[in-house]
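Peer 1: With the hints as a guide, bring both chains together as one complex.
Residue strings, one per chain:
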Amino acid sequence: MTRGAASTPLGRGVLFAVALAFLAIFLVAPLAAVFAEALSKGVGAYAAAVVERDALSAIRLTLLVAAISVPLNIVFGLAASWAIAKFDFRGKSVLTTLIDLPFSVSPVVSGLIYVLLFGAQGWFGPWLKAHDIEIIFAVPGLVLATMFITFPFVARELIPLMEEQGRDDEEAALSLGASGWQTFRRVTLPNIRWGLLYGVLLCNARAMGEFGAVSVVSGHIRGKTNTMPLHVEILYNEYNFAAAFAVASLLALLALVTLTLKSILEWRYGIHGRTGH
Amino acid sequence: MQLAEMAVDAGDGRALACPSPKRRRVIPGFGLTFGFTLTWLSLIVLLPLSTVFIRSAGMGWDAFVAASLSARALKAYQLSFGASLAAAGINTAFGLLIAWVLVRIDFPGKRIVNALVDLPFALPTAVAGIALTAIYAETGWFGGLLAPLGIKVAFTPVGVVVALIFIGLPFVVRSVEPVLADLGHDVEEAAATLGASGWQTFHRVILPAIGPALLTGFALAFARGVGEYGSVIFIAGNMPYRSEIAPLLIVTQLEQFDYAAATAIAAVMLVASFVLLLLINLIQIWSRKRGAA
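Quick note, the sequences are listed as chains A and B, same order. With the numbering used here, the residue at position 12 of the first sequence is 12, and numbering never jumps. With the numbering used here, the residue at position 226 of the second sequence is 1226, and numbering never jumps.
If you are wondering where the hints come from, they were derived from the structure by calculation, not from laboratory data. Among the hints, erroneous ones may be present.
As the list claims (entries may be wrong) - Quick look at which bits of chain A chain B covers, simulated, 3 or more residues with Cβ under 8 Å:
1) 28 to 41
2) 131 to 141
3) 171 to 184
4) 207 to 215
5) 232 to 239
Just so it is clear, CB atoms sit at the ideal spot from N, CA and C, and this is done for glycine as well.
So here's chain B without its partners, still in its complex pose (with noise of 0.2 Å):
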């Protein structure tokens, strides 16, 4: 809504500043920026990443399946998108509800929660690895109150799902946080007082208001979940068929020299990162149009 009227703002500004279309070209520098532009993404991102799909089309199609879809890379697809998925499921829950508190509740110290909640954006990867498996190992702060119980998190896939929840937490925050302010209280409060209990008011009212938003942070949370490397190396364990992610099967693989084995596990998880990519971009064009409807 706010941005829509700015832009139509600034549109009325344009035309009145200036009535011929003539008049927009007077900004300098578009070849020189644009060329540019495209330049060097071309060479530092759109090239390079070719290579995958090149060097993949060149195996042959047998050579390709046996390589992507080898019962060891299966399994490892299983692992990282079922621990993302799980983690990312975890993280809508929580994150809505942290949201909820950052936009509903006052209380001292808030700034610092808040910045606090970007805190997995910020720690280097291999920190927050081998600090979430120095806490979940058994002799660990957490990993000693859960081995009594038979709970065993470090060198399992549930120190995966541990460390994707720790990863994935701000994209579902952060998604989910404006929309709510927006929403404003009041909205709330109406739905209490026309007799909707809590749980309606949260399913009717807030739910659909939030949905695209919350849509979107588990959607990046799963994205960024399904790709990540560092936080989870360590404390996954990474037994083959076990508890091994597809990014570090990719590592093993180039370890071993096997670059086509490598090569074609990441032309997999490329595919499945652009989908997830425009499937994103998809819900933040419909959510746009339910805003502006």
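Only chain A is shown next, with the shape it has when bound in the complex (with noise of 0.2 Å):
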């Protein structure tokens, strides 16, 4: 009988070896890249990079557009998951794909619908500008963008956890006497806040991380429509590596923080993400 590699103990080994290898170089190198180069010319020009007056204006930028997108995702996630979840209808796997349809759009394209709706050449172009309205180019183009790389993180998060409840702790509130808003706050958010903090998190990881889609939006004017990411990208191509990477290292700091907060949990509350972010 020919024993498996996988079965004996030399077998095992190698191929975890070679697993934590390839997990080495692919994805621990980079990060470590990061704070390497972010240091390389010492911790003095380190801090000076990230308090320099434009990489705080990105920072509030940053800050600014996660802000507004998150929490309106939030109330978006809730409504779409209370109507999902909730109720039977017809065509609901259809609406729950093109909840998720963002996620398979490039985000360069994701940009670019808003740049063909509110851009100077766009359909909405000449009126805006007509009335003085700026979209594209600035903050609400930014927050555009943003929204729509991030719409569907809170609803496919919170969809199959509340499909997963089902509808019986809602019915017996309500048969007791509570009210539909009663019944949402005391008996649904508490059930499902743990699912919900997890999509909120993820959501703004990728809010305050987003690069492609901003970028088309953007129009790249220092210390007024730069967020971190493409901050990151004006002073890496300006060849100013360490400032580049200093910055990148807060950007950094936030995915480890992320994804620290994430993991906790899912070991304390058996939370679970769906692949596909």
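Peer 2: Below you can see the structure in the form of structure tokens.
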């Protein structure tokens, strides 16, 4: 009887080593490189790059865009999952697929569609110009593109969770005389809070880190329409590598915090993500 | 299996709790939430996406073909689809291996490794892009080792594949992992006890069981790679006809104010991603049916 590579200790050891080596080369090395490059000119240069005027305005803009787009996506996610999980109607799976649609669209195309709508040559371009309203190359465009990119995050986390939990709790609360709003706030929301937090976490990480879509609508106006990822690109293209990596390291830290919190939610509360973020 | 059982349980519970189907309407708010969902979806996603097709239709067929299938665009599609295919293939092999290690082997620090697999989902693509470029440039950690061997990664199509491996890996691992866990170790042991070799066990027992999940992971990684922009443009070199990906060509055309060409290429990319989305859904329906059978 021949024994498989996977069943001998040596075979398992080799497979284990290959898997870890692959992860080290393709995932750990880039992460480590961000911090190594960021500190390559010393801590002083690092600190200077992070508190530089344009960097600070990029940080502020990133926080602003996330502060607008994430709450709007939370409201949408709650409404969509309530409609889809608590009721039966025809075309439900089509609706769920349409909500997931932004994940399949290239980030560049996600930005382009708003340029086609609101840009100077876009459908509403002339009207917006006549009324002195700026969307493209301004903050509203950044928010729209970010909302499109992060559109499915909260909904796709909540829909399966709420379907799994069923409708019994809500029906019980309602039959005891609670209003619809009370039922949502006192029964549904506590049931889904960890799943909601999980979705918000991923939504926020993507909102702050999005590059392709915002790059198309931003116009790269320094100190005005540059988010952190766009600021990283500009510094990098100016061969200001240490500064580019310094700002990038802040985004990498955000990613690490996100992963840590996400893992805690998975271990403690058994929340699980759906592949395809 | 588990899900199906839970669905049956839930169904029974509901049937006991409310014998009359009218009781189901007791939950309020359908009109409000459904209406809001549909309106918001239309405003943010569907209407904006439709602009690409309406604009393309307005161009006329000849102009559309000239712009979307120009020699430069064809080369860009070739690179985007080819590199995505290569990266998704590599990720399928190594993603399966990593999923197997996470499911079957206990080791210290497993939770950290498990969390790390999702790094590409959490790390902004531009950060990944400049980091990979720094590593694979000739002065970088790996680029310096590869240069004496005559292998250039940064600023070549190979660099595009490396970036897409980074981006696509978690899709395969996270698709395969739950199915592999469900399969249980005993199945592998049973096959070995019955005299199957390692390769036979893998080929005849494990692969058929995880096939649909593996295919889903491959398709998800491929689809993501085709549209990827941020992680690729730094390492690619972006030479027209050589290392220029399709999403970058859209940006280039936009920067030259050639909206028609940008829109036409975007339309091709959108159709490709819709076809991929449809395929992924079909694979998932197929695997669910197989699971139920």
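Peer 1: Could you run down the list of hints and mark each one as holding or not?
Peer 2: Verification of the hints:
1. Residue count for the region 28 to 41 of chain A with a Cβ under 8 Å from a Cβ of chain B: 7. That meets the three needed, and the coverage hint holds.
2. Figure legend: the region 131 to 141 of chain A, annotated as covered by chain B; annotation inconsistent (0 residues with Cβ-Cβ distances under 8 Å, at least 3 required).
3. Figure legend: the region 171 to 184 of chain A, annotated as covered by chain B; annotation consistent (6 residues with Cβ-Cβ distances under 8 Å, at least 3 required).
4. With 6 residues carrying a beta carbon less than 8 Å from a beta carbon of chain B, the region 207 to 215 of chain A meets the three-residue requirement, and the given coverage holds.
5. With a cut-off of 8 Å between beta carbons, the region 232 to 239 of chain A has 3 residues touching chain B; three or more are needed, and the interface restraint holds.
Comparing the model with each earlier hint shows a violation of hint 2 alone; every other hint is respected.
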